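Just so we're aligned, residue 88 is where the sequence shown starts under the numbering used here, counting upward by one.
Derived from the structure by calculation, the hints contain no laboratory data.
There's no promise every hint is true.
[What the hints assert, rightly or not] Each pair of labels, with its calculated beta carbon distance range:
#1 Gln184 with Trp133: 28 to 38 Å
#2 Asn125 with Val151: 23 to 33 Å
#3 Thr142 with Thr180: 28 to 38 Å
#4 Asp145 with Ile165: 14 to 24 Å
Please read these numbers as outputs of a predicted model, since none were measured by experiment.
We treat Cβ as the ideally placed atom computed from N, Cα and C, and that holds for glycine.
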Amino acid sequence: DDMIRFMFILMIILTAFLCGLNNIYVPYQESEKLGNFNETFQFLFWTMFGMEEHTVVDMPQFLVPEFVGRAMYGIFTIVMVIVLLNMLIAMITNSFQKIEDDADV
88 DDMIRFMFIL MIILTAFLCG LNNIYVPYQE SEKLGNFNET FQFLFWTMFG MEEHTVVDMP
148 QFLVPEFVGR AMYGIFTIVM VIVLLNMLIA MITNSFQKIE DDADV
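Let the hints inform the model, and build the full structure from the sequences given.
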């Protein structure tokens, strides 16, 4: 039950950042990994595991989209790593506590 709720929340947040980053980079075909829905999804998915370079969001000739893209990428990384990981730990700890309280000793 906890994992289903966690995966649902994860997919909502991932989809929100996917749409946001994709819309920022669609008009600019500078990046191979951003601006295409499937490539952006793969980029964000592998970012959750720390397997992507942060320089992918760079576009030196377009300052405002680069700033917004970097900000969204930074917020995505913080939300995924810190907030969602801690939420998962709290949910699992809560489930474990419920099981332990119901156990006959």
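Results for each hint:
Between Gln184 and Trp133 the beta carbon distance is about 33 Å. The supplied range of 28 to 38 Å therefore holds. The hint said 23 to 33 Å for the Cβ distance between Asn125 and Val151, and at roughly 25 Å that hint holds. Separation of Thr142 from Thr180 is about 36 Å and conforms to the stated range, judged on CB atoms against 28 to 38 Å. Evaluation of the 14 to 24 Å hint for Asp145 and Ile165 yields a pass: the beta carbon distance comes to about 19 Å.
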